[in-house]
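S.K.: Protein sequences appear in the order of chains A and B.
With my numbering applied, the first sequence corresponds to residues 1 to 113, in that order.
With my numbering applied, the second sequence corresponds to residues 1001 to 1115, in that order.
Treat the hints loosely; a few may be bogus.
[As the list claims (entries may be wrong)] Short, incomplete list of chain B residues facing chain A, as computed with Cβ under 8 Å:
| no. | residue |
| --- | --- |
| 1 | Tyr1039 |
| 2 | Gly1043 |
| 3 | Lys1077 |
| 4 | Gln1102 |
| 5 | Leu1103 |
Derived from the structure by calculation, the hints contain no laboratory data.
No residue lacks a Cβ here, since even glycine has one placed at the ideal position from N, Cα and C.
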Amino acid sequence: DGGITQSPKYLFRKEGQNVTLSCEQNLNHDAMYWYRQDPGQGLRLIYYSQIVNDFQKGDIAEGYSVSREKKESFPLTVTSAQKNPTAFYLCASSQTRAAETQYFGPGTRLLVL
Amino acid sequence: AQSVAQPEDQVNVAEGNPLTVKCTYSVSGNPYLFWYVQYPNRGLQFLLKYITGDNLVKGSYGFEAEFNKSQTSFHLKKPSALVSDSALYFCAVRDLRDSNYQLIWGAGTKLIIKP
């Protein structure tokens, strides 16, 4: 899992609640990503950030929000607008957006109470 | 449209036998190709990639993959499987013409190695 940490490992969300997933990297990478993983499906890109204070929507951004105030940190908020949030969330980083290889954190499993 | 197909949801192999996990892709330009492995409740680990050059790419843990342009395939192989190779394997592709540098992921193949 390299130099990327995600917390918590498990997160429980009540209906109508916003929750925030943490992602920190010490690899000095410029680019960071959030993916959602559902059983039997490939990874789907939620948001990505190429540099500090910049981020772009991925394929399934609705119901999610992010910030990139520091190079090391890229937190993801799952808002109450996300009606089906139960999934495994993976954070990744790469040297730059154009760099070929992405490195992943250990993931956070989000469950709805 | 760019796509990746992993035609087998699950592959079962006896320990010590060779293994192959299949991947085919579709991109409009030249591809960058990747294999990642995921152990239960863990993040993905990078195994190997093809960017250019030799069609046979060697990676971590004794795995290798062969880029076949005519068949648009990038199958993952290992000469002798270990029980510890049991995991979920993902193939991914990036189109060199894509200015967004987006990775397209296959659905994953579960590899089960039986003692």
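S.K.: Next, verify each hint and record whether it holds.
M.R.: To see whether the hints hold, each was checked on the structure:
1. Taking 8 Å as the C-beta contact cut-off toward chain A, the hint placing Tyr1039 of chain B at the interface is violated, the least distance being around 10 Å.
2. With a least beta-carbon distance of about 4 Å to chain A, the hint placing Gly1043 of chain B at the interface is held under the 8 Å criterion.
3. A least Cβ separation of about 20 Å between Lys1077 of chain B and chain A goes past the 8 Å threshold, and the interface hint is therefore violated.
4. For the restraint placing Gln1102 of chain B at the interface with chain A, the shortest Cβ-Cβ distance is roughly 7 Å, inside the 8 Å limit, so the hint holds.
5. A distance limit of 8 Å between C-beta atoms decides the matter here; for Leu1103 of chain B the minimum to chain A is near 7 Å, and the interface restraint holds.
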